[in-house]
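Chains as they are written, first to last, in the working numbering: chain L, 1 to 335; chain X, 1 to 291.
If you're looking for bench data, these hints aren't it; they were derived computationally from the structure. Note that the coordinates shown come from a computational prediction; the quantities given were computed from them, not determined experimentally. Be careful, since some hints might not be right.
Claimed, not checked - Just some of the chain X residues that point at chain L, by a computed CB distance under 7 Å:
| hint | residue |
| --- | --- |
| 1 | Asp68 |
| 2 | Glu185 |
| 3 | Ala188 |
| 4 | Ile190 |
| 5 | Leu192 |
| 6 | Ala194 |
| 7 | Gln198 |
| 8 | Val203 |
| 9 | Pro206 |
Claimed, not checked - One-sided and incomplete, this derived list gives chain X residues near chain L with beta-carbon spacing under 10 Å:
| hint | residue |
| --- | --- |
| 10 | Glu104 |
| 11 | Glu180 |
| 12 | Gly182 |
| 13 | Gly193 |
| 14 | Met199 |
| 15 | Arg202 |
| 16 | Glu249 |
| 17 | Glu288 |
All C-beta atoms in this analysis are idealised placements derived from N, C-alpha and C, irrespective of residue type, glycine included.
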Amino acid sequence: MSIEVRGIWKHFGDFTALRDVSLHVEPGELLALLGPSGSGKTTLLRLIAGLERPDAGAISFDGEDATERSVRDRRVGFVFQHYALFRHMTVFENVAFGLRVQPRAQRPAEERIRARVHELLDLVQLEGLARRMPTQLSGGQRQRVALARALAVQPRVLLLDEPFGALDARVRRELRRWLRKLHDELGITSLFVTHDQEEALELADRVVVVNEGRIEQVGAPDEVYRRPATPFVFGFLGEANWLATTVDGRKARVGFRPDDLEISLGPLDGHAFAARVRRVQSLGARAKLELVSAVGALVQADVPAERVRMLALSPGAEVFAAPREMRVFFDDASA
Amino acid sequence: MTTAALNEIQSHPSGSVRAGLQDPPLVRAALVALALGFAALFLLLPLAAVFAEAFSGGLSVYWNAIRDPIAAKAIELTLIVAAVSVPANAIFGVAAAWAIARFEFRGKSLLVTLIDLPFAVSPVISGLIFVLLFGAQGVFGLWLVAHGVKIIFAVPGIVLATTFITFPFMARELIPLMQEQGSEEEEAAISLGASGWQMFRRVTLPNIRLGLLYGVVLLNARAMGEFGAVSVVSGHIRGLTNTVPLHVEILYNEYQSAAAFAVASLLALLALVTLVAKRALEWRIRQETRA
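Next up, chain L with everything else stripped away, as it sits in the complex (with noise of 0.2 Å):
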C-alpha cells in the first residue's frame, strides 16, 4: 500500500515539532525515518498510525484519505519503541489478541486463531515460547512477539519506532538482517524510525532524514550518503571535517569526511591544503590523524596505519591534505 503525507504540521503546546512535512512512501517500500532525538521523526510515524492528530495537513493511503480515520480503522501494525506486550498475558495471548478483539461476526474460530498464532511465532522463530510471560523472555524475542502480535491482524503497514533501540549491538545486527529478510519476505509497506545512521543505510530502501520537524532530504541510502543536500545531513550520516572558504565570491563551507582524506608529505594535486600533524592515534588497520591547516583550523583526517608508518608521521610533522571527495555548501542558500 502507498502512503502520502501533505503538508503536516503538528504542535505540542508551544513546541512545534513538524512543520509542514510531506512525504511519499511507495507500496512495499522499507523505508527508514532518520534524524536525531527531537526532530519529529517518531511523532510522523505516530501520525501515520493514527495515534496523533495532525493540526493541519492530510495523510492518505492508496489515494484514500485517512486523516479522519481512528487507529483501529486504519489496519496498521505499530511496534512500540518499548515492545508494549500485554504484561498480564502470555505470548500466545499477545499475539492472539488482535484476532480477539475482532467483532463477533469476523472473529476466527478458536482453533482458526489458535492456527494463525503458532504460524506466525513459527515466522519469528519463537515456536516454542508460546506458553511464556513477556518478562521471561530476552529484549530481542520480546521484540519479534511485539512483531508477531503487530502481524496478526494482517496490517497493510507495518510501522516500527526504533525497533532496535533497546537492544544490545550484536543482537541488534542480528535482528536487521532479519527484518530485512522478512520485509523482503511479506512485502508489506514499513517505515521504521531511528536515530542510528548506519543502521538507516543498512536497512532501508530509502532513508528520510529530519530535523527540527522538517525533512531534510529523502533519497537512496547510497545517495543520501554520497550526495547529501545540506550541511546538517552531511553532518548526521558520518564525521565530518569544515572549511570555510569563498567560491566566486560567495560564502561556503566546504565539508568532507575523514576517511576522505588523502596524506602525503610532498604537494598534492587539487584542493589540498598545508597542514601540521598535532596528534597520531592508532587504531589497529586504521589511525586517526588530528591536523591543524594554515590558516589554523582543526581537520580529522582517518587513514590506513600503514600511510603513517611509511611516512612516518608523528606530532609537529609537516604534510600536505587533499579530499578526494567534498561537498560545498553556500552559506547563502539552503542547498
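Once you have looked at the hints, place chain X on chain L.
Below, chain X without anything else, positioned relative to chain L:
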C-alpha cells in the same frame, strides 16, 4: 501511603545499605529498640487491651454484646455504608486516575489538589459541611423537606459523609501506578483493533487490578471505621443511624465497658485483616513490578 513509596522503602534490605552510611552498632541498636518499643507501646498494647477488655466479662457477655439487636443493626448499617461508598469511590478513583495519568487538561492540578481535600480537612468539619448543605436549615434544606427527602440524620447522610472522607484513597493509589505503567500497552491494544471498552477490560483493568484491590482494602477499612464525620451527620438514633464506631461510643458512655470493647474488637479484627491483606497485596505487587 502509596505502594510506590512503600516499595522504595522496602527495596533496600539491610544488607544492601552502603557501608559508608552504617551507623555504629550501639546507635543502630538504640534506634531499633526505640522504634519497636514505640510500636509496642502505642500499637500492640492498645490492640491487646481491646481484646482483653472485650473478654473481661467472659465469653457470654462478649457474645451477647455482639448479638444484641441494636449492635446487629449497627453492623448492618456499617456494611450497607461500605457497600455503597466503596464501589462509588472505586469507580470515581479509576476515572480520576485515568484522567490524571493519561490526559493533559485545564484544571488538572486543581483536580489533584481537590482529591486530597478530605485528607486536609478535619472529619468533623466534613460532617458539618454536609449539615450546612443538606440540613433543615441548610442551603438545599427547604427543597429537600418539600420533596420529602431526608439526608441528614439518616442513612444517605452517613453514606455521603463516608464517601467524602474516603474519596482520596483509590485515586491516590492508582495515579502513580498508572503513570508508571504509561499508555503504550493501551495504544497497542487500540492499534490492534480493540474498542475502548475492550482495551479497558482486557489491558487496563488487569494491569491495575492489584492496585485496585489494595485501594478497596484501604477504602473499606476507612469506610467502616469512620467516626468524626459520621458522628456529626448521623444524629445517633439507636437501631437506625448508628454505625459500629458510634455504637461503641454509646456503649462506652453508658459504662458498658465490656460490651463496648466487644463490639470494638470487631473493628480491631477488621484492622488486622486489613493489615494482612495489605501486606499480601504489597508482596504481590512487588513480585509483579520486579518481574
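Each hint, compared with the structure:
1. Asp68: For X/Asp68, the interface hint is violated, since the closest Cβ of chain L sits about 47 Å away, which is over 7 Å.
2. Glu185: Constraint on X/Glu185 satisfied, holds at 5 Å.
3. Ala188: holds (4 Å)
4. Ile190: holds (5 Å)
5. Leu192: holds (4 Å)
6. Ala194: holds (4 Å)
7. Gln198: Hint on X/Gln198: holds, closest Cβ of chain L at ~5 Å, below 7 Å.
8. Val203: holds (6 Å)
9. Pro206: Since chain L brings a Cβ to about 5 Å from X/Pro206, closer than 7 Å, the hint holds.
10. Glu104: Check passed: Cβ of X/Glu104 comes within 9 Å of chain L, closer than 10 Å.
11. Glu180: violated (12 Å)
12. Gly182: holds (8 Å)
13. Gly193: holds (5 Å)
14. Met199: holds (8 Å)
15. Arg202: holds (7 Å)
16. Glu249: It is violated, given that the least Cβ distance between X/Glu249 and chain L is near 45 Å, above 10 Å.
17. Glu288: Given a least distance of 8 Å, the restraint on X/Glu288 holds.
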